[in-house]
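Asker: Below are the chains, spelled out letter by letter.
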Amino acid sequence: MIEILQTRTTGKGLHEITREVQAAVRAAGVDDGLCTIMIQHTSASLTIQENADPSARNDLEEWLDRHVPEDDPHFTHTAEGPDDMPSHIKAALTSTTLSIPVVGGRLALGTWQGIYVWEHRSRGSRRRCVVHVGG
Amino acid sequence: MIEILQTRTTGKGLHEITREVQAAVRAAGVDDGLCTIMIQHTSASLTIQENADPSARNDLEEWLDRHVPEDDPHFTHTAEGPDDMPSHIKAALTSTTLSIPVVGGRLALGTWQGIYVWEHRSRGSRRRCVVHVGG
Amino acid sequence: MIEILQTRTTGKGLHEITREVQAAVRAAGVDDGLCTIMIQHTSASLTIQENADPSARNDLEEWLDRHVPEDDPHFTHTAEGPDDMPSHIKAALTSTTLSIPVVGGRLALGTWQGIYVWEHRSRGSRRRCVVHVGG
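Line order of the protein sequences matches chains A, B and C.
With numbering that gives the first Met the number 0 applied, the first sequence corresponds to residues 0 to 134, in that order.
With numbering that gives the first Met the number 0 applied, the second sequence corresponds to residues 0 to 134, in that order.
With numbering that gives the first Met the number 0 applied, the third sequence corresponds to residues 0 to 134, in that order.
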């Protein structure tokens, strides 16, 4: 089963989609299987991260933002704004696709794991993920 | 087929699990298919790396440790110790899920590739991976 | 269905394989399903990146090359040349496996996404990817 999952981000950082992905798994009616998510963008990415303390996600976002700064004078691909090239680099360093086993109709995530769209553009955007659930 | 793979790490670095994953593939009885591994933690991760010379794995671990140091004064998520926030960042920069084709009942790894749990906590921990093998 | 995809790179940087992967999907005759690619090397990797403006790929390659330089005096794994250890690190920071949903017989990539072998060795090499296409 294939489902398109659309989400609206409002700026840089982690935007949780665990519930939406779990709903797609439920709709697929698969008991034991595999759920794969791909984000159809190169200036946003996916990650599985701690879902408990927001300070961990903030520190993570800020670390990446400090290490891939917008004002790098080496960049030549700057026509779409100063946050564009850092977005592609951040996407390359994180994940575009994730595959999560399904056990008993549920994503087999660890207790503290959540699935996130990681927005790298300053203004956010409408983001599309393709979710595949198989047996 | 789903199998839970438990492993005990003793400190930061790469801990090989190729043999255990191959055993899960064999148990599944799948000839040609796909094996997916997900680690159920956000302070450890997965990687496929060179299995020949241990110096490559040591240099890799030390590079990551120098580039995501524990004493970063920007971190606010510090309640679980100085190695906790670097662990989440290292996990985000490496892999939480891996999918490896199976050919003739064996993981289709390259000659020099091994599958590793990458422990990011100083003391190590008991780590759980979920392995899915499908046709 | 499993297919081996061989490609020849000529130096560091992104080498597009979208067409070859799409051909493997077509040959598999799968309508809705999942395509998984694994590169059988630890000194090259995979990425999904922007396929429009080459300047984005150049900036990406140069950013990674500046941040994982060859002359790092900490490296001990140097027998295979100065570009060997950086190659392993770059591979660990990017992707060894990718899973892309297939919709209507086509890879469900976004408009601006292409699939690339990311060569990290200076001279390039013959590179093998294993492609699995399932229902």
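Do not rely on the hints blindly, as some may be mistaken.
Said to hold, decoys possible - Here are the in silico distance ranges between beta carbons for each label pair: (1) GLN5/B - GLY134/A: 20 to 28 Å; (2) PRO68/B - GLY134/A: 27 to 35 Å; (3) GLU61/B - MET0/A: 39 to 47 Å.
Don't read these hints as lab results, they were simulated from the structure.
Since the model is a prediction, treat every value here as computed from it, not as a measurement.
C-beta atoms are modelled at their ideal positions from N, C-alpha and C, and glycine is treated no differently.
Asker: Could you tell me which of the hints above the structure violates, numbers in ascending order?
Answerer: 2
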